[in-house]
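Read left to right, the sequence shown gives residues 1 to 112 (full-length UniProt numbering).
These aren't lab readings, by the way, just hints derived from the structure by calculation.
Careful: at least some of the hints might be erroneous.
[To be verified] With a Cα cut of at most 20 Å, we get these calculated PhoX-like pairs of lysine-lysine:
| # | residue 1 | residue 2 |
| --- | --- | --- |
| 1 | Lys-72 | Lys-90 |
| 2 | Lys-60 | Lys-72 |
| 3 | Lys-66 | Lys-12 |
| 4 | Lys-3 | Lys-79 |
| 5 | Lys-12 | Lys-79 |
| 6 | Lys-90 | Lys-60 |
| 7 | Lys-60 | Lys-12 |
| 8 | Lys-2 | Lys-90 |
| 9 | Lys-17 | Lys-3 |
| 10 | Lys-60 | Lys-9 |
| 11 | Lys-3 | Lys-72 |
| 12 | Lys-9 | Lys-79 |
| 13 | Lys-17 | Lys-2 |
| 14 | Lys-66 | Lys-9 |
| 15 | Lys-79 | Lys-17 |
| 16 | Lys-12 | Lys-72 |
| 17 | Lys-90 | Lys-79 |
| 18 | Lys-90 | Lys-12 |
| 19 | Lys-90 | Lys-9 |
| 20 | Lys-3 | Lys-66 |
| 21 | Lys-60 | Lys-2 |
| 22 | Lys-17 | Lys-90 |
| 23 | Lys-72 | Lys-17 |
| 24 | Lys-79 | Lys-60 |
[Unchecked claim] Beta-carbon label-pair distances, calculated as ranges:
| # | residue 1 | residue 2 | range |
| --- | --- | --- | --- |
| 25 | Arg-47 | Arg-103 | 42 to 52 Å |
| 26 | Ile-100 | Ile-23 | 20 to 30 Å |
| 27 | Ile-100 | Glu-50 | 49 to 59 Å |
| 28 | Arg-47 | Arg-107 | 53 to 63 Å |
| 29 | Ile-94 | Gly-24 | 16 to 26 Å |
| 30 | Phe-92 | Asp-18 | 17 to 27 Å |
| 31 | Val-52 | Val-93 | 43 to 53 Å |
| 32 | Thr-31 | Asp-98 | 15 to 25 Å |
| 33 | Thr-31 | Val-86 | 40 to 50 Å |
| 34 | Glu-22 | Ile-45 | 36 to 46 Å |
| 35 | Gly-26 | Ala-78 | 14 to 24 Å |
All figures in this text were calculated on a predicted structure; none of them were measured in a lab.
Where is the CB? At the ideal position from N, CA and C, for every residue including glycine.
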Amino acid sequence: MKKVEAIIKPFKLDEVKDALVEIGIGGMTVTEVRGFGQQKGHTEIYRGTEYVIDFLPKVKIEVVVKDEDVEKVVEVIAKTAQTGRVGDGKIFVIPIEDVIRIRTGERGEQAI
Numbered sequence: 001m002k003k004v005e006a007i008i009k010p011f012k013l014d015e016v017k018d019a020l021v022e023i024g025i026g027g028m029t030v031t032e033v034r035g036f037g038q039q040k041g042h043t044e045i046y047r048g049t050e051y052v053i054d055f056l057p058k059v060k061i062e063v064v065v066k067d068e069d070v071e072k073v074v075e076v077i078a079k080t081a082q083t084g085r086v087g088d089g090k091i092f093v094i095p096i097e098d099v100i101r102i103r104t105g106e107r108g109e110q111a112i
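Work out the full structure, taking the sequences as your base and the hints as a guide.
Written out as structure tokens, the structure is:
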């Protein structure tokens with residue numbers, strides 16, 4: 001099993017969620033996060049005062065999938081979240097040793 005973490009632009013969340021549901025992904029965790037990479041933030045002016053916005057709003061999607069579904073999930077996220085501009089995000093694939101469903105005690109792939 002693998003955990004696929006994707007950091008994407010917030011306005012792409014609904015499109016990515018719908019695309020993942022379409023390929024059979026039954027659950028995900030979404031967190032509002034802030035960060036920067038190549039974008040390096042930007043400057044805004046509010047009431048005549050200039051502010052540097054270092055950390056930009058992003059969304060982190062976490063999905064745990066079977067090994068054979070990883071490439072399909074990564075492809076769907078990458079294709080759906082892409083705008084072609086700096087700041088589209090990143091996808092991380094992390095090995096998962098075990099999963100336990102608390103309600104039933106199921107373990108491994110049955111608990112996904």
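Looking back at the numbered hints, which does the structure fail to meet, lowest number first? Going through the list in order, the structure violates hints 3, 14, 31 and 33 and respects the others.
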